[in-house]
Amino acid sequence: MKTTMNYVNTLPVNTWNHLKVNESTLEFEVPNNINQYQSSNNLAAISKDLQLEGTKLKDVKQQLMFALKDKGNELVDFMYQHSNANAHLYVTENKMYKEPVILSYTLDENNTHVFDENIIYAEEGSEITVLLHYQSNKTVKGVHGSMTSLYAKKNAKIHLIQVQLLNEETIHFDHIRGYAHEGASIDIVQIELGGAKNFVGSEVVLAADRASYDNKVIYLGTGKQTIDMNYLAKHYGKSSKSNIISKGCLDDESEKIFRATIDFKRGCSYASGAEHEETLLLSPKVKNKSVPLILCGEDNVAGAHAANIGKLEENQMFYLMSRGLSELEAKQLLILSRFNNIYQNIPDEIIKEQVEHFIKRSLYDEKH
Amino acid sequence: MLDNISRSDTIPVIDVQNDNVDIGHEAKIGRISDQAIFYLMSRGLKEEDAKALIVSGFANPIAKELPLEYAVEMNHLISLEMEGTIG
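Residue numbers (my numbering), protein chains in the order written: chain A, 1 to 368; chain B, 369 to 455.
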């Protein structure tokens, strides 16, 4: 069964149609029967006191729908209907979880389509870190979709890290929706390295005073990969803060669109928002589009965005090669150093090493 | 942003199809610094004049590229626009 979503990663305010950045179309095949994704490790990772189920789960879903107002969104509706893996976490008031909850999903011959729908609901004053890890076997041509809803009540902190290391045949889409109350913070780290066609993004509402949202993403495009990104921070609360940082590399014939919007709504005095993008272009056939938006309906705010696009510095390459490194080793070192301060946030050493290995292998494979 | 009823939507698009480039882009949105206004008012300027001076200074790098008569006219227009619009 073919599924088509025509309005994915839409810009909140349209620009010229001929630039083809206003929205994207996502198409993939879905089998009539999708296996439920079973993972004893994932079940074990969520302790009994963290599980959100029953009537409480139903209440939370309604709260999210009311808060985020995205009923009718094609992707949200699809995920609620077709998800075959769920992680619903509820963190009680003032409870701090120091150890991260790590959930891994692997696409293989038995699980070619994995759609994980996750909820993290943090009560007042609580804190939790969740790491979502996606990978696939080399030969599987699958589809992976993820939707994660984050709801942080007053002074709560949610840290979400997503690591995507899928193969080059898999279609991947990932939507994060967040809602932060007074003093709450939502921190997201996304590492998007694999996949054939990737549609990723997040939409976070900073609903009350001093809420904050921080999103760091790294991506790597090789071969004919396409990476389509859309990040939106909506400021309603006074003194709310948002920070969106994106660092990536494009090689071979890869393509990428990066959309980031800071939306200052009327009344969000003293709010501040910043977007920062750095892109390295390693091949003459890459296509890069950047659309950093600032929408401002309030005068007493500070908004800033910056984009930096270019090649690897020849001086730096020369310096490293003159010290005995090959061109490939120098390139790998410079690219890893750019990404380092973002993927260092991964709270698992094995997954961190997998990320480094994946980057090196991706840069190595295209030349050999 | 000089008042609380205006709106600004900045929608830049950067489309790059060549690797041998070096592109930088930046945008900042905010209001006039309270400290800058205080400094000028403490030197005897009225609030309106202080804001008009700061806005003229903001436009100065562009204004100085214009022929003199146009730059003078532009500064005069800024002053006229700023009159009565503050607050």
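Keep in mind that a hint or two might mislead.
To be verified - Pair by pair, the computed Cβ-Cβ distance ranges are:
(1) B:Ile430 - A:Ala302: 19 to 27 Å
(2) A:Lys98 - B:Asp383: 41 to 49 Å
(3) A:Thr3 - B:Asp383: 28 to 36 Å
(4) A:Gln63 - B:Asp383: 36 to 44 Å
(5) A:Glu327 - B:Asp390: 18 to 26 Å
(6) A:Thr3 - B:Glu416: 54 to 62 Å
(7) A:Lys311 - B:Asp377: 56 to 64 Å
(8) B:Ala439 - A:Arg361: 57 to 65 Å
(9) A:Glu74 - B:Ile430: 38 to 46 Å
(10) A:Glu313 - B:Thr378: 28 to 36 Å
(11) A:Arg266 - B:Glu416: 18 to 26 Å
(12) B:Phe426 - A:Asn345: 54 to 62 Å
(13) A:Lys98 - B:Lys396: 51 to 59 Å
(14) B:Ser376 - A:Asn86: 51 to 59 Å
Claimed, not checked - Coverage of chain B stretches by chain A, computed from C-beta distances (three or more under 8 Å per stretch; other residues unrestricted):
(15) 393-400
(16) 432-446
Don't read these hints as lab results, they were simulated from the structure.
Ideal placement from N, C-alpha and C gives every residue a C-beta, glycine not left out.
Evaluated hints:
no. : hint                            : verdict
1   : B:Ile430 - A:Ala302: 19 to 27 Å : holds, 22 Å
2   : A:Lys98 - B:Asp383: 41 to 49 Å  : holds, 45 Å
3   : A:Thr3 - B:Asp383: 28 to 36 Å   : holds, 29 Å
4   : A:Gln63 - B:Asp383: 36 to 44 Å  : holds, 40 Å
5   : A:Glu327 - B:Asp390: 18 to 26 Å : holds, 20 Å
6   : A:Thr3 - B:Glu416: 54 to 62 Å   : holds, 59 Å
7   : A:Lys311 - B:Asp377: 56 to 64 Å : violated, 32 Å
8   : B:Ala439 - A:Arg361: 57 to 65 Å : holds, 58 Å
9   : A:Glu74 - B:Ile430: 38 to 46 Å  : holds, 45 Å
10  : A:Glu313 - B:Thr378: 28 to 36 Å : holds, 29 Å
11  : A:Arg266 - B:Glu416: 18 to 26 Å : holds, 24 Å
12  : B:Phe426 - A:Asn345: 54 to 62 Å : violated, 38 Å
13  : A:Lys98 - B:Lys396: 51 to 59 Å  : violated, 38 Å
14  : B:Ser376 - A:Asn86: 51 to 59 Å  : violated, 41 Å
15  : 393-400                         : holds (count 7)
16  : 432-446                         : violated (count 0)
When held up to the earlier numbered hints, the structure conflicts with 7, 12, 13, 14 and 16 and fits the remainder.
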